[in-house]
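Q: Protein chains in written order, with numbering that gives the first Met the number 0: chain A, 0 to 271; chain B, 0 to 547; chain C, 0 to 317.
Keep in mind that the hints were calculated from the coordinates and are not lab data.
Keep in mind the model is a prediction, meaning the values are calculated, not measured.
Some clues are possibly wrong.
[Unchecked claim] Below, computed lysine to any residue pairings styled on SDA-like, alpha-carbon distance capped at 20 Å:
hint : chain 1 : residue 1 : chain 2 : residue 2
1    : C       : K55       : C       : A45
2    : C       : K160      : A       : W41
3    : C       : K160      : A       : V243
This is what each chain is made of:
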Amino acid sequence: MIKNMPIAAVIGLFFTALYFLMAIFAPLIAPYGMAEVVGGVWEPPSPEHLIGTDNIGRDLLTRMIYGGRTTIFIATAATILSFTTGSVLGFLAAVVGGWVDQAMSRFVDLLMSIPSLIFALVVLSVTPVTIPVLIVVMGLLDSTRVYRLARAVAVDINVMDYVEAAKLRGEGRAWIIFREILPNALSPLVAEMGLRFIFMVLFVSTLSFLGLGVQPPAADWGGIVKENKDGIVYGIGAALWPAVAIATLAISVNLVADWVLNRTTSLKGGRG
Amino acid sequence: MSEPRDILLKVRDLKIGATVYPPGERPHDIEIVHGVSFDLEPGRVLGLIGESGAGKSTIGLASMAYGRGGVRITGGEVWVNGRDILKTSLSDLRSLRGGEVTYVSQSAAASFNPAKPIMEQVTEAAVRHGKFTRKQAEERAIALFGKLGLPNPETIGRRYPHQVSGGQLQRCMTALALCPEPDLVVFDEPTTALDVTTQIDVLKAIKEAIRDTGVAAIYITHDLAVVAQVSDDIMVLKLGDMVEYGTTDQIINNPQEDYTKALVSVRSIRHEEKKPTDDPLLTVEGVTARYKGTKFDVLKDVNVELHPGQTLAVVGESGSGKSTLARAITGLLPPSAGQITFDGHVLTPNLATRPREDLRELQMIYQMADVAMNPRQTVGTIIGRPLEFYFGLKGAEKRRRVQELLDEIEMGDGFIDRYPAELSGGQKQRVCIARALAAKPKLIICDEVTSALDPLVADGILKLLLQLQKIENVAYLFITHDLATVRAIADSIAVMYQGQVVRYGPKSQVLSPPFDDYTDLLLSSVPEMRLGWLEDVIANRKMESAGN
Amino acid sequence: MNAAVKLVAQRVALGLLLLFLVSILIFVGTLILPGDVAQSILGQSATPEALANLRKELGLNEPALTRYVSWLAGVFHGDLGTALTSGQDIAESLGRRLGNTLFLAFWAAIIAVPLAIFLGLLAVRYRDRWPDKLISGVTLASISIPEFLIGYVLMYFIGVKLGWAPSVAMMNDSMSLGQKLHAIALPVAVLTLVVLAHMMRMTRAAILNVMQSAYIETAELKGLSMFTIIWRHAFPNSIAPIVNVVMLNLAYLVVGVVVVEVVFTYPGMGQYLVDHVSKRDVPVVQACGLVFAAVYIGLNMVADIVSILSNPRLRHPK
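The shape of chain A in the complex, shown without the other chains (with noise of 0.2 Å):
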């Protein structure tokens, strides 16, 4: 399988590795620490500041590996967060059904009514702003979007041929949820997962560029542009760097996930 692997999925897989190692050893790499004053303020690129300082004189390629760290890190707890609420919930509506999905999934159509950001400041706005209670926040509001897509691929293969079998075999929901849907449900929920952790990496920075995400002097890339966007109007590009790092992570991800989805709807194709 990975030998067949297309170049794209390569070259995406490689950067994720690359970023989250990143996140992990980030005290190794950054080559200061990450509040150190370390020259003037905004100095341009050079051999000691690769990226040029930010608008303390901190070295910005330390605030950025250190920034990448938290947005990681943040983005990985509220995916898995999200993950795992919305497709237990889901799983258990669609194999349990009746009254309980009803009721699940009316509660869910409700909090899908607003749109996550504006519900997000909503709560934002009466708790502290830390980030466990960013992570619960931004997990359980994304955990709609994932309950609901687990919900629809569990009610799709409970009525498939196959698990009526079991049924009729006589299995218990055990095999049925764990050895009959789950091995068919997971890939497209893993190229979901994906999609879902690019959101929340565009989420928690959103958030604290708006200033209500991460607080200062931790460092995230949302955080980051927050600091240094009064250098663009004159003419500094220091708050553009986490663009950059944002794009390459979101499409690398994007990439593998794609691959992930087009190897699962290779596999289902059995028409032949």
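Place chains B and C on chain A using the hints.
A: Chains B and C in isolation, oriented as in the chain A frame:
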């Protein structure tokens, strides 16, 4: 270069290619038709017959220089009315399509634009090509509607496609094709999607319309008995090659090639009816059932019996309730009244409360083998699971038994570790049979198990089922819409119509007169593999209605 | 026509019910959360008197239901309360800012909708050739960058380096329409880019879906010209999916506008909301949340109604 006028369509060495996208491989081009040639004279009807993958639809569309999806004409010549349409200009091609040559597809429901009234669509080609004015075209359409036996020919054109039935829409599609007075009509499986009693009406309408308008036609189908009724000549195709080409009489009554002989003798399996034994294996008494949230019964007071080692065929058209009967027996749809006795004891209505022995002894095989097997499990796992679940077999012993079962369904070595996607349609259905057999059941419910298969493959499955019945002494409850299948394997028959059993008894009795009206209609609608069958039926029905 | 009317009525009723439930959700979201709202508004160093005053002002001493009912009654009369931080009437400030936001969103939609449909058609016309691939590549890139970064990238290159448009979208009543449009050129460009990608992709998918139907093949086999096929057969069936795409993306625009207003310090609802979230001014946040949700629900409702009305099965029942 001009051609003699008595050849309408001349096809020479036609080669057609397509791009395929196999899973896990790069897309590549393959050839699906390998050099086919034939001539068609004005007013004659050519039948193209073959199983799926024979290339018959592709050849039909090539007569309009059209390739569906990634299909391309890669070589050869197609001459229509004296010009090679593969080399002609696009504007000439447009006047050919819908003007000289028209097309009737299998699914009229999908082929009509849902947003436009029927009349507008029927007259569109004739008006656009300047053959008739709108008024003339509409008059012609109304005449065609009448000729095709549609109700209210004056007003039916004002309706939208979803407002008429499937059989009527198929006739509207024929009117659409005939309206511009074409020289040639391509009929692509026009009756395949219809119920058998509807099929005969549409077939009759098409045949009379062809005769009355004197148009030439290419009639494409997988059913030799159908094509024998309408065509003058028949070409038999297999995997993109011509197998045999001759007059209908010669192909039906004196086939030369083995493949043609096999197609002609398809469904000729005969099986001696067994006499009922003392104790029935399954007794269905007064079963009535409805689906949750609906207001009418889909099964009404059904009473049937099945004896050990025998086959009860439940036959009916779509909506007759025959599959619902299977769901009631398996416990998927608990009946609202009546009871089901199996092997001497009453079955609990609900699946969840049945003991494991009952579940084991009553197995099921589905119509679509594709979705009846988990695509993520190997053949070994699929067949092995019942062995493990019911008999606790494990490891080498289980694998040995799976291989035995594979041998029994004539699949042999090399299949045990494959996935369903790697099997052909017939092989998939065989694996499903093996999975049912693995439980050592006393009764297997077969729900339309051969309907999705090509006739020859279906014959193979039926032969296998009969042979297994002899060896394992298993009883079958065989649900089907196809009376030929019923003749082949049943010991007793229940005919269902609108949720009720309208006729029930031993095969010999059910299939001999006197008939009730519905059984008579059903039996007389099944195409027979002989020339003139359609005329005989039509004549008979006219006589009967005159007699009434 | 009856079935369709009934369905539309049902859909409108559902929209109103949804709006009602959303108002509860927004109210509950701001009040039944861990910790004391007054405390979190004033911070840890607040004096007990200040806390008590604020609690009284917020009505925190009354039961939640009473507060909700009086809030909702106010909303019905156009009274959204007063802002805690400035003491100004919320409805009045909101009204002016809503006008600005709609002005911005309107011009973004005017440019984005026709452009997206045109490019979507182009992608279908040149399917799997380079224009299609270019369009899907740009789409992938633009959904991978958050709105605010697109904003700064444009501001940096077009606003600062090239100096074609102002980097800050200042607005006042004395400006002429031309001046206003010049002022909002960059934010409109960003919003257009943000929704363009989605809209284009969805339009392409919607049209391809229609073009692959069997009735399009029937039309081709009738020998009709490409234009006739598209105009008479594809178009009538594409209206509903395309309107759907447009509405869903306008709803998406409502969210995008929040961030874009902050980037260009545009005096609209988005900035108003974000400012007051930071100041923890709960009544303003509730009011803004409700207005945004209402617009979002309304647009989704219009999308559904259009697809009900354009369904021939419902327009011409059996």
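Q: Determine for every hint whether it applies to the structure shown.
A: Status of the hints after comparison with the structure:
{"no.": "1", "hint": "C:K55 to C:A45", "in the structure": "holds (15 Å)"}
{"no.": "2", "hint": "C:K160 to A:W41", "in the structure": "holds (17 Å)"}
{"no.": "3", "hint": "C:K160 to A:V243", "in the structure": "holds (19 Å)"}
Of the numbered hints given earlier, the model fails none.
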